[in-house]
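My request is simple: use the sequences and hints to build the entire structure.
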Amino acid sequence: MAGFAKTGGDMSGVNLQGLVKAYGAVQVVHGIDLDVQEKEFVVLVGPSGCGKSTTLRMIAGLEEISDGDLTIDGRHVNRVAPKDRDVAMVFQNYALYPHLNVAENIAFGLRIRKTPKDDIAQQVQEVGGILGLTDYLERRPADLSGGQRQRVAMGRAIVRRPKVFLFDEPLSNLDAKLRTQMRAEIKRLHKRLGVTSIYVTHDQVEAMTLADRIVVMHDGRIEQIGTPMELFLNPANTFVAGFLGAPPMNMITAQIVAGDQGPVAEFGGQRIVLQPLPSLQNAVGKTVTVGIRPEFAKAVDDSQPDRVSIEVDLIETLGSEALVHATLQGAPFVIRTDTVGQMEALGRIGGFTVDAHLVKVFDGETGLALPGQVLNQ
Amino acid sequence: MTGLPDTPSAAGSGRKAREVRKPGRLQRITEHLRREWQIYAMLLPTVLWMVIFLYKPMYGLQIAFKDYSVFRGIANSPWIGLEHFETLFNNDQFLRALKNTIIMSAYGLLFGFPVPILLALMFNEVLSQTFKKSAQTIVYLPHFISSVIIAGIVMTAFSPSAGIVNTALGWFGLEPVYFLTKPEWFRPIFIGTGIWQEAGFQSIVYLAAIAGVSPTLYESAVVDGASRWQMMWKITIPSILPTIIIMLIIRIGNILEISFEMVILLYQPATYETADVVNTFIYRQGLQGGQYDFAAAAGLFNAVVAFVLVMTANTISKRYSRTSLW
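Chains as they are written, first to last, in our numbering: chain A, 1 to 377; chain B, 1 to 326.
Take every hint as true, because none was put in to throw you off.
Facing chain B, according to a computed beta carbon distance under 7 Å, are these residues of chain A, among others:
no.	residue
1	A60
2	L62
3	K83
4	N93
5	F108
6	G109
Quick caveat, the hints were computed from the structure, so don't treat them as lab data.
The beta carbon of each residue, even a glycine, is placed where N, CA and C say it ideally should be.
Structure (structure tokens):
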């Protein structure tokens, strides 16, 4: 046996072209195009009902594809049975067989494929070692903790050495601490095995921390595809801007007016200076949505002359940093700020300032980011 | 004395204060009953039914140890110890009935117990909902037909003159067989009738158990490459095994409870040799022969055996499969 450290050689990408899923007249996935590269870790993220799990299930072969093309390793697999797609899936509720012990659960797929017994035993031991399950191989799922069960579920997927791993919200049944721990384990495992992985979650923190690329989905469509930092810094629209980031990006409805040195966003008698980009200068007179990340707004006191005034409602101290919850134009506005050596200053916050290049401007009607505003990592 | 809490009087009063605060057992039960009275109200008819029809008659069980006379009543009839039991075990008819009961129960268990499970597994595999519902209705139907009518259908079907079975035998040039008068045919006919009448309805329990199996277990198996046959063997059957065991324990407990009405309706003196069971023996001795005390002894023996069997089956199941009735 070659072992599980980088299965190499026969790994492959997944390509979705115009993938559609319809239940009768109701279409839930509207023609998705996505190219997942070999060894890549792609996360499909979006709110409940956005079609991410359905898309994953179409890739697995558990849902019939209504239209479009799906290729795995360059092979058209629309009509190929799940078992012949060479994919392995990890489910949200682990899908462990309660009557089988850990070793038998891990070996299930191999036994189905009539792998010789000696090979099964060896591979189970090896996977058990990778996932730290060696001491639990004789236990039944009922005797394991949530984290251990999830590891067994992953072991079942790993042992088959598939071309593609599919993860359907595998951590959502775990508590916050265990989720963080398992997140790191999945990331380490991906680095070690290097298998193409598609991971579905509604948790944007999981998406940001795990993904090589994130696919943000909404209402059965892809809103944006990019690396976590690309999406964080340069969201394509207000949906992505609001979905990624914790707390999400602050949104202010404003009018663009011409200032002395370039365009300015004006709202309720207050102003934010914008970048002198052609797209923003051409938008003078238009209503826009101004987006400012809580991390990019700098909290200041009343003495700062060019500040935007806010009314502070609450300060949440998180340790080394704090979240300042305020109101601006009747809408919530959050600032993330450092606390070390500044606890006293927190009580005097009366507004914020922000660098022009850190402000995102979106079209007031379509919600799309106005072109040219690229923030480099 | 400073009045510190560790002085005996202060500690005593402290304990008293705690006792006053903590509600007593009776108070807690009363409070619970007051809060959940609707649930207990719903339970009441069943409890009353059990008390009146199952517990109250137990008082009469004592006649199994008495020389009972209707005129003297239960209380005044003299005790005679285990005399009825001695008579019982020296009675050839009872021993024959006991043997028949055990044989018929064993056959019923062997052939009748797996059928509802197989039916449920087959229904689970049917993809056409219309066919599934029609088939289910057809197999459930005999359960709702009175035993008298079922027996009538069986007698007609096996009739030597116009029965469908003998007609079919005639097509192959075979002579008609008087099935219901031949002792060797009674058991197959009786067990077959029981399966036909009850298997469909009993399959509901297993269908419910199958419905409780998480669909992701099957999806996971599909991705792993399992066929429908493999999924049935490796997921469905092991998943419903606790239900199968529970049903088996109950069935073992009822091993001496052969369908009394059906035997009465189908048997005749010519077939007593294989058809007479403990319950029909009790019926003949007690109600037809007026030997209530002797019949009570036979009935008590029946109940004790059932109790021992169900306890044993439960203990074995608990030890080896972690599944049990209690």
